[in-house]
Amino acid sequence: MITIKFPAFLTIRIANCLIQRCEKALQSVDKDILFDFSACSFSEPFAITLLVGAMLFSIKRGKVVTYLRSSNKKLEDYLNRIGFYAWGHGTGKEMKSTVKQVELRHLKGVEPLYTDNIITVLQHYLTLSQGVRGSLHLSLNELMTNTFDHSQTQMGCFVCAQAYKSRGTINICLTDFGRGILKSLSTSDEYRHLKNSIDAIELSIQEGVSSRKNRLAGLGLTHIHRFLKINEGQIHIISGDGWVHWDYTNGAIRQVRKKKLDTEFEGTIVNIIAKADGEGIYFLGSENPEEDIF
Amino acid sequence: MEYIINIKKVCGKNIVTRDDGKKVRDLIELQWTLIDKIKIDFGNVLVASVSFFDEIFGRLALKYSRSELTEKIIMENIQEYDRALLNDILRSRFRQQELKFQRQN
Numbered sequence: 001m002i003t004i005k006f007p008a009f010l011t012i013r014i015a016n017c018l019i020q021r022c023e024k025a026l027q028s029v030d031k032d033i034l035f036d037f038s039a040c041s042f043s044e045p046f047a048i049t050l051l052v053g054a055m056l057f058s059i060k061r062g063k064v065v066t067y068l069r070s071s072n073k074k075l076e077d078y079l080n081r082i083g084f085y086a087w088g089h090g091t092g093k094e095m096k097s098t099v100k101q102v103e104l105r106h107l108k109g110v111e112p113l114y115t116d117n118i119i120t121v122l123q124h125y126l127t128l129s130q131g132v133r134g135s136l137h138l139s140l141n142e143l144m145t146n147t148f149d150h151s152q153t154q155m156g157c158f159v160c161a162q163a164y165k166s167r168g169t170i171n172i173c174l175t176d177f178g179r180g181i182l183k184s185l186s187t188s189d190e191y192r193h194l195k196n197s198i199d200a201i202e203l204s205i206q207e208g209v210s211s212r213k214n215r216l217a218g219l220g221l222t223h224i225h226r227f228l229k230i231n232e233g234q235i236h237i238i239s240g241d242g243w244v245h246w247d248y249t250n251g252a253i254r255q256v257r258k259k260k261l262d263t264e265f266e267g268t269i270v271n272i273i274a275k276a277d278g279e280g281i282y283f284l285g286s287e288n289p290e291e292d293i294f
Numbered sequence: 295m296e297y298i299i300n301i302k303k304v305c306g307k308n309i310v311t312r313d314d315g316k317k318v319r320d321l322i323e324l325q326w327t328l329i330d331k332i333k334i335d336f337g338n339v340l341v342a343s344v345s346f347f348d349e350i351f352g353r354l355a356l357k358y359s360r361s362e363l364t365e366k367i368i369m370e371n372i373q374e375y376d377r378a379l380l381n382d383i384l385r386s387r388f389r390q391q392e393l394k395f396q397r398q399n
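In the order they appear, the protein sequences are chains A and B. Going by our numbering, the first residue of the first sequence is number 1, and it counts up by one from there. Going by our numbering, the first residue of the second sequence is number 295, and it counts up by one from there.
Chain A on its own, in the form it takes in the complex (with noise of 0.2 Å):
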């Protein structure tokens, strides 16, 4: 049996360590993997998808796969609420979710009233045009749509949200385990020539980018980005061996950190950080035809 065993905090910061960890389990020769999260006292939505993940698609490689509870009480209550342990499956017959999270769902496919409440949440902290909520809709489903489209996996997404009072932010992440951003981009001509994770990461972004041929697609990804830099937030996606984060929480000033990460992570994340000022309010340029104040 092998045994990988998980630290504290299970944050995005961390993601390296993370996916490498999860990785050793998913390459592990032996056929009982024990995850080990005893001494994990805190989780962000990242590291719930991530994990949720690598444990079902271990058992889907054929591995017998058991796990050590954390002995932190408000890292388990919080898990249960979350549904970590109901594995994506979801806790009730309903889905649940609040104002302040949606609880983790494992997807196969597009699931409006997921998106729904995902929207629900970020409208509870900023005021959103009716514009902007159908465009963040539109954009979710289309991030989730990605994932089935393009990473080719029989696995889904998972997919969970929470919003941080106390850091006034609002985190939603989704996780897949399928071929990365680069094998899919080099499926289309136009991309052959992409050659790392990174350029092909940072191309994702861009409008119109996509790997399907003959329909209009690429603007998930666009759209968010755009949002989250009106709303001076951040989002990271990891993807094989790439990391890139943008981070606009200094104004619009951008910032981007690219990492190669040390293990190829097989497989798309991609971690939204809204921020919850409640002061804002945002709605589309075409929304709003009025002629310029300056």
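Rather than coming from a laboratory, the hints here were simulated on the basis of the structure. There may be inaccurate statements among the hints.
Dumping the calculated DSS-like pairs for lysine-lysine here, alpha-carbon to alpha-carbon at most 25 Å [stated by the list, open to error]:
1. 74/A with 5/A
2. 366/B with 303/B
3. 229/A with 307/B
4. 394/B with 165/A
5. 316/B with 229/A
6. 108/A with 73/A
Estimated spans, in silico, between C-beta atoms of each pair [what the hints assert, rightly or not]:
7. 356/B with 229/A: 17 to 27 Å
8. 395/B with 42/A: 54 to 64 Å
9. 89/A with 392/B: 40 to 50 Å
10. 196/A with 394/B: 44 to 54 Å
11. 320/B with 108/A: 30 to 40 Å
12. 9/A with 393/B: 18 to 28 Å
13. 90/A with 339/B: 37 to 47 Å
14. 262/A with 333/B: 54 to 64 Å
15. 395/B with 100/A: 22 to 32 Å
16. 394/B with 141/A: 26 to 36 Å
Ideal Cβ placement from N, Cα and C applies to all residues, glycine included.
We have chain A; now place chain B onto it with these hints.
Then chain B, alone, in the frame of chain A:
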């Protein structure tokens, strides 16, 4: 009478944060009742910061009407990108005021 605020002189390279913006807003508010026109000269520097603009003009938009703002303030040497950003911010703030007003009534 006209009062000129030269952004380069007042802020130097500090044209990003809300604190930077507050410095300019304090100057504007100090002159608001004393001077007819306040000219803000951006010296063609690209600001591109929502925080900076919102702290100056977004906050003023919550306090003064659109006509009061446009009658009092003159923008000079502002980059087109910044002008568009500034107009977006102001529209958001004016709309916020409208919604607040509608909710109250």
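Sort out whether residue 5/A lies within 25 Å of residue 74/A, counting only the CA atoms. 19 Å, holds
Just tell me: holds or violated, for the beta carbon distance of residue 395/B and residue 100/A against 22 to 32 Å? 29 Å, holds
25 Å limit on alpha-carbon distance, applied to hinted pair residue 394/B and residue 165/A: 23 Å, holds
Is residue 108/A within 25 Å of residue 73/A, Cα to Cα? 31 Å, violated
Regarding the pair residue 229/A and residue 307/B, is the alpha-carbon distance no greater than 25 Å? 21 Å, holds
Is it true that the CA of residue 366/B sits at most 25 Å from the CA of residue 303/B? Holds, because 21 Å separates the two Cα atoms, which is no more than 25 Å.
Is it true that the C-beta distance of residue 196/A to residue 394/B lies inside 44 to 54 Å, as the hint says? 49 Å, holds
Return holds or violated for the Cβ distance of residue 9/A and residue 393/B against the range 18 to 28 Å. Between residue 9/A and residue 393/B, where Cβ atoms are some 39 Å apart, the hint is violated.
Can the suggested window of 54 to 64 Å be confirmed for the beta-carbon pair residue 262/A and residue 333/B? Holds, since residue 262/A and residue 333/B (Cβ atoms, about 55 Å apart) stay within the stated range.
Residue 89/A and residue 392/B, beta-carbon distance inside 40 to 50 Å? 45 Å, holds
Quick one: are residue 394/B and residue 141/A within 26 to 36 Å, going by C-beta? 32 Å, holds
Given the proposed pairing of residue 316/B with residue 229/A, does the C-alpha separation stay at or below 25 Å? Holds, at roughly 22 Å.
Comparing the model with each numbered hint stated earlier shows that hints 6, 8, 11, 12 and 13 do not hold.
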